[in-house]
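These protein sequence lines map, in sequence, to chains W and E.
Under our numbering, think of the first position of the first sequence as 53, with each following residue one higher.
Under our numbering, think of the first position of the second sequence as 211, with each following residue one higher.
For the record, the hints were derived by calculation from the structure and aren't laboratory data.
All values derive from a computational prediction rather than experimental measurement.
Careful, some of the hints might be misleading.
Claimed, not checked - In silico BS3-like cross-links for lysine-lysine, where the CA-CA straight-line distance does not exceed 30 Å: (1) K277(E) - K245(E); (2) K336(E) - K245(E); (3) K312(W) - K299(W); (4) K396(W) - K540(W); (5) K449(W) - K411(W); (6) K454(W) - K317(W); (7) K277(E) - K434(W); (8) K454(W) - K467(W); (9) K355(W) - K336(E); (10) K214(W) - K292(W); (11) K317(W) - K274(E); (12) K277(E) - K317(W).
To be verified - Distance ranges between label pairs, derived from CB positions: (13) L392(W) - S279(E): 44 to 52 Å; (14) S290(E) - L316(W): 38 to 46 Å; (15) Y314(E) - F326(W): 23 to 31 Å.
Note that CB positions come from ideal geometry on N, CA and C, so glycine has one too.
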Amino acid sequence: MTGSLGTETDSPKSATTKIRILRAIDRVLHDTLNCRNAGIVAQLCFSISRELANSSSGRFCDVNPAGFRHTPADCESCVIAARESGPGNGTCEEGDVTQDSCFTSMLKGKCAVSNCTMPCFTLYKDLVLNIIDGLAYHKIIRDRHGNAVDLEFTDVNPAFEKITGISRETAAGRKITEFLPGIKEDPFDWIGFYDQVAQSGKAVTIEQYSHALSRWYQVHLTPKDEDHLIAIFFDVTKLKESEQMLKSLNEQLELSIEEKAQQLKTINNELDSFAYSISHDLRAPLRAVNGFSRALMESFSDKLDEKGQHYLERIRLGASRMGELIDDLLGLSRISRRSLKRRKMDLGILAQGIINELKRRDPERCVELLIAGNLEVYTDMKLMRIALTNLLDNAWKFTSLKQTAIIEVSSTIDKEGRIFVVKDNGIGFDMQYSDRVFAPFQKLHSRNEFEGTGIGLAIVQRIINRHGGRIWVQSSPDECTAFYFTLKNGGEVIVSDE
Amino acid sequence: MSRMNNTILLVEDNPDDTELTIMALSENRIGNEIKHVWDGEEALQYLDDCSLPSLPQLVLLDLKLPKISGLEVLKQIRSSPRTNRLPVVVLTSSDEDQDIAACYDSGVNSYIRKPVDFDQFSECVKQLGLYWLVLNIGPPEM
């Protein structure tokens, strides 16, 4: 700056005029930031200042009051900021904090980055003006007792305008309660919080909803001293909305899972009471059909011919059979309802016990039992006993026409893991019917040939499924039948299981 | 414990089952007097009736009964010092584990599931009669 703009002998009036001039220069600086060459900007400033000094600056100010963007305090803070920003601007000394020397120093100051010739002021101004985060320089306004009562927005950057929708003209140099009166109704005490941060001297980052602006902001506050701080912030409303939506979706999901679980529980309870009702209510009329048919036969046999008695016998048998079917269905539903109680057990020992019982009941039969060693598994004892009993009952039954029946219980390993095998040399069946084997009440042999309701393998399959395994069959007529099944983790004990 | 006579108290709400049970008892020549009641409330009233000269020798109790369930009747029988030693046989259609467990927990003497087939049922009643009315020594008179 030239000496004509600032001497220590200036009268107060002329000093005010000069300050106004400087503000105008500042505005020009601001508006000409697009000039890449800092020298051109400087030259521009000088020429304008000369021009203003020789004209009536008062009139200039009156005509363009909106052109003043800086308050004197703000200008001072610019100088302080420039001084603190690094050694490259070392030309700004304590005593230089006067209106003209402040600008001079800043324009002379060089960037701290080596080889960079751009003046500090331009560099920082560029940064402040182009950064996408909102920036605001604040001063805490206190009452005479020192209590924070308001917050001055000493200055703000263009991103602030964009983010908040509040223009620089509205905010800069003004108190927040003036341009955003809604701040007083905000449940979050912004002024109090800013004061607290300024007093603490420690930078903080918060995420807070502004009720006055109806937006979420992440605000990073850096205190300069106990009355001043810098706020860097950005709008996180969309993020917050997404977060809240995610949270509410999660809650809905949890609710719906809970609802589903509740529904399942209700269905299970219904199933339970249905099974109970079957067991109790359906059997009673069957007893009546069977019982009174028998009574009829006993008491009135002389009045019934052979055909009549035969029909009564069929009625009785039908009722008894239905009783069996109901019991089988109940048995099947019980397997699904039972909670698994796994323990270590050996399928070989279990199979031996079951075959011993079959031998005891049918001592005439000649059956050779081959059991492999080490068939240890970790399963529900009661259910595995039911499964193995059904498989061995079948093997026993379908080998009854053989001179020497052979039943084999063993295991092999393949890519699926451990596979257990129950094999017999019985009558077998045509593999085209293999998919019907495990369906309830499906039989591949007529009732006259072999007893049974056809529920056994359906029960076995359900038990294996409950243990996380699968079962399949290989058979060839008059040669052999082999049932293969897997168990979860190969039936091994896994501590974390269940 | 009051003195017992040789009456059998049959608690059964189903008329078919009632008739079949009486039929089975009679065809097995069990000549005890049979007192039949239709529900749990009636059963408890009968047992509570102080004018009775004595308690029945055996109670045949169905579980699913109107008003007061068979299980509740059993519990009340066991909770009264007058009847707590009374032989009670549950005769029911249910073979649900929870029913069986609840009956044993409440001090039932025996739990029988009624078979559908009348021949089996008749055999069952015969065995019951033989065991509880002939072989078994009932609680002492008090």
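Contradicted hints - numbers only | 6, 7, 8 and 13
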